[in-house]
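One letter stands for each residue in the lines below.
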Amino acid sequence: MRFPTAHAPYLAPVNSVNRIMLEVLVALIPGLAALVWQFGPGVLVQCMIALLAAQLGEAAMLSLRRRPIAPALRDYSAALTAVLLAVSLPPLAPWWLTAFGALFAIVIGKHLYGGLGYNPFNPAMVGYAVLLISFPQHMTAWLPPKELSGSALSFADAWNAIFTRTLPSDMTFDALTMATPLDTIKTQLGLNRLLDEIQAGGLFAGIGGRGWQWVNFGFLLGGLWMLKRGIIGWQIPVGFLGALFGISLIFFLIDPAVYPTPLFQCFSGAAMLGAFFIATDPVTASTTPRGRLIYGASIGLLVFVIRSWGGYPDGVAFAVLLLNLAAPTIDHYTRPRVYGHPK
Amino acid sequence: MSLFKLWNFHGGLHLDGHKQESCKAPLAVARLPERLLFPLQQRNGEDSKPVVAPGDRVLKGQVIACDDHPFYPPIHASSSGIVRKIEDLPLPHPSGLTGSCIVIETDGEDAAMDFAGIEDYRQCSPDELRRRIYEAGIVGLGGAAFPTSVKVAPGSDRKVDTLILNGAECEPYITCDDSLLSHYPNHVLEGAKILLQILKAERCLLAVEDDMPDALAALEKAKQRGGFEAIQLVRVPAIYPTGGEKQLISVLTGREVPTRGIPADIGIVCQNVGTAAAVYNAVVHGTPLISRIVTVTGRGVKQPQNVLARIGTPFADLIQQCGGYTNEAERLVLGGPMMGFDVPTDNLPLTKSANCILVAGRNELIGEKRSLPCIRCGACAEVCPVNLLPQQLYWYGRSDQIERALDYNLFDCIECGSCDVVCPSHIPLVQHFRATKGKAIAKRREREKADHARLRFESRQARKEQEKRERAEAAKRKKENLGTGKSPEIIEAIERAKLRRAEKSAPSSEGAAQIDGDKQETVVPPAGAETRRESAKVVHTETPPGGPESEAQAVPSEID
Chain A
503 MRFPTAHAPY LAPVNSVNRI MLEVLVALIP GLAALVWQFG PGVLVQCMIA LLAAQLGEAA
563 MLSLRRRPIA PALRDYSAAL TAVLLAVSLP PLAPWWLTAF GALFAIVIGK HLYGGLGYNP
623 FNPAMVGYAV LLISFPQHMT AWLPPKELSG SALSFADAWN AIFTRTLPSD MTFDALTMAT
683 PLDTIKTQLG LNRLLDEIQA GGLFAGIGGR GWQWVNFGFL LGGLWMLKRG IIGWQIPVGF
743 LGALFGISLI FFLIDPAVYP TPLFQCFSGA AMLGAFFIAT DPVTASTTPR GRLIYGASIG
803 LLVFVIRSWG GYPDGVAFAV LLLNLAAPTI DHYTRPRVYG HPK
Chain B
3 MSLFKLWNFH GGLHLDGHKQ ESCKAPLAVA RLPERLLFPL QQRNGEDSKP VVAPGDRVLK
63 GQVIACDDHP FYPPIHASSS GIVRKIEDLP LPHPSGLTGS CIVIETDGED AAMDFAGIED
123 YRQCSPDELR RRIYEAGIVG LGGAAFPTSV KVAPGSDRKV DTLILNGAEC EPYITCDDSL
183 LSHYPNHVLE GAKILLQILK AERCLLAVED DMPDALAALE KAKQRGGFEA IQLVRVPAIY
243 PTGGEKQLIS VLTGREVPTR GIPADIGIVC QNVGTAAAVY NAVVHGTPLI SRIVTVTGRG
303 VKQPQNVLAR IGTPFADLIQ QCGGYTNEAE RLVLGGPMMG FDVPTDNLPL TKSANCILVA
363 GRNELIGEKR SLPCIRCGAC AEVCPVNLLP QQLYWYGRSD QIERALDYNL FDCIECGSCD
423 VVCPSHIPLV QHFRATKGKA IAKRREREKA DHARLRFESR QARKEQEKRE RAEAAKRKKE
483 NLGTGKSPEI IEAIERAKLR RAEKSAPSSE GAAQIDGDKQ ETVVPPAGAE TRRESAKVVH
543 TETPPGGPES EAQAVPSEID
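Same order as they appear, the protein sequences are chains A and B. The numbering of the first sequence is the numbering used here, which starts it at 503 and goes up by one. The numbering of the second sequence is the numbering used here, which starts it at 3 and goes up by one.
Just so you know, these hints were derived from the structure itself, not from any lab. Any given hint could be a false lead.
What the hints assert, rightly or not - Here chain A is said to cover these stretches of chain B; the calculated rule only asks that three of the stretch's residues, wherever they fall, bring their Cβ under 8 Å from a Cβ of chain A:
no. : stretch
1   : 10-21
2   : 252-259
3   : 324-333
4   : 428-435
Claimed, not checked - Stretch by stretch, here's where chain B covers chain A in the computed footprint (C-beta under 8 Å, at least three residues):
no. : stretch
5   : 507-519
6   : 781-790
7   : 834-841
Said to hold, decoys possible - For the chain A half of the interface with chain B, some residues (derived, Cβ under 10 Å), not all of them:
no. : residue
8   : 503
9   : 577
10  : 619
11  : 794
Glycine is no exception: its CB is placed at the ideal position from the N, C-alpha and C atoms.
Take the sequences, apply the hints, and build the full model.
Pasting the structure below:
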């Protein structure tokens, strides 16, 4: 009897890229739900626009590069990039902004570097940073959370606002939009006001600001689920949040009039999204266990630096992009000791 | 069994054992096949020399091939019969090689030689016992087939304190050691005592995995008879690859075998439990290694079970005895699904190191994988039992940066396949690492060849320089001799002759000077010098390998 041959090992693989990407997408659900609850269905519309643009961009680039299209579209990697970008954008951002960001992320951030696995920078953050620098006005126009405004736009209103820039007759964009808590702190501190006065505003109830803390709780929940499932390692989120908490605590103790509490830092802005979903992107992060801890901690520190003394209210995107650059070097210096080699 | 402190090794995998299939059925004894095949090649070495010829009658246990080299113990006939032929047949080898095999047609009598055991081996010296192990043809039965007599001779500079008997069958499907320990615990324990005596070691740790309760119970019962105080039974967790030699040493002792070292460097010798039983049989009963227990399993075989079979039995016979193939038999793997290799045909003989014949059913095992790019998730590094960074090795290997791959300790990879199984991109990492290792070895050979050529060139240059200098000195001496004690007429005549010669040869020497630069005097070399150089060349080409190095060492003094 004749038998075909192949190379060992012959046990079927226990995991796949599709499954990992899909589970990350599933883990985004609590955070996404909190965003929709607090900021209205515009977030979902943004997700749809980004998904469409990203998948189109992916297909176009693959066909230009003469690579098989169907398997790549099924691996959910472009979809994940799209959703990560969409949840970072203001819910009523114009459709072309989102589409441009998603296309930029996929075409420039991913495929021009060689596609899946070869991009040195987190594509979603490349898209986000380009949008933030190019269209600062649109990018800072967030909505007030439902906890504050008491109401949210309907799906149809959000749809119209995003695609045609029209609002129901009794509303204007200027009246509707509002700065985020981090943005408010940054601007008001610049006006020499003290943190106590700033935080007396209605936006600042709870630990991370109204609305925002629920979003962060949502992403934390999804992140913990991913940890439990073993999709991400503990090193990057623990490094990120530990460093952010630690340095915030030091400065809070030094001068509580200017520096917010460490808990506020960890539950506002994109802290939880960054710690569990952005910084943990395997392609662009450090890969050694010790390296990941250093990588995560460095991002946490940079986030604090940018928030406190930089030009932007939040710093997750820039911190991640900077550390993406450093990841190969970190890996080089944190190689684990191989069995049987001198300690 | 008392509580025993265990250590961990990095990484590892929990795999679905698939052990029940084969260990449920009782141990079967294989029928005598019509033909027995004995490959002459052992462990990728040279062929052993057959000491029988076609037509000879051989007895069970008779030496049919041997080699003087200590690494290649003799090969014995595993039953009586007639040597039919010595011919090239497919070997059970990953690359599908063919090689010389002695084919014995059995006569059904199974007539054996007179085996004489040693009555009281405690009176024997370690060397005598090692000799006996060598003559019995014993090699490691765990898979590597390393000659046992060599392994139990760690050298006088290495003090061995611990003997480890490896009964941790970590690969899925394989249960032959489990079966051996359950049925012949006494042989293994007695074998351990002999090995302890040879090694002058203080203790023996016999490791079995915690999913082998029958084996453990049998061992404990056998141990109660007394006399085995130096042997300690240790239950180790069933994590793949605990049964790897280095990993098991880590788990049991917390010590690490230095890279490129051997366990004896840290006072340990590790043997498979089957090897210990073979040592017992060889020393106490005088029987050579002519049979072993092999697991025949998988959904492709009707009655999976362990079989005590003669070495040399064709797989087809063993599978026949296990009820034959099922309809879904799809692949034939020798060894386990992690580190084994699949073979294209069942017309292959059972070797001493073959622990498992796995006939995979439909979709039981996978073939070639379709892979995606590496997403650097690091799952491979998490499970690597050697703590390597497989994704970096893959990266460097793929881009032909062999030096970097070596710097990332490519050769510490034990090819256990753990990284391969967890890779979400389904990259055949082990296959890549094997290829990169092959490239690295080829590159090293090439470099050695280039170095060799360079040394030859340099020593030739140096020799030419030397000759040039000697010639110049000789010419100078000659000139001085000519210049002294000659009459003015003679000197004048010489001058005239020189002048004439110079005039004649000027155009050609100019042309040569353009080509040859400063080596002008070589244009008209003295006849003697030319022949000397010729002879030097001849001598040089006959220099055996290794010669140029010694020559090269002499070069500096020549230049001086």
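Against the structure, the hints:
1. 10-21: holds (count 3)
2. 252-259: holds (count 3)
3. 324-333: Coverage by chain A holds here, the residue count being 4 at a Cβ distance below 8 Å.
4. 428-435: Satisfied; 4 residues make the cut.
5. 507-519: holds (count 13)
6. 781-790: holds (count 5)
7. 834-841: holds (count 5)
8. 503: Because about 6 Å separates residue 503/A from the closest Cβ in chain B, which is inside the 10 Å limit, the hint holds.
9. 577: Because about 7 Å separates residue 577/A from the closest Cβ in chain B, which is inside the 10 Å limit, the hint holds.
10. 619: 3 Å, holds
11. 794: 8 Å, holds
In summary, the structure agrees with every hint in the numbered list given earlier.
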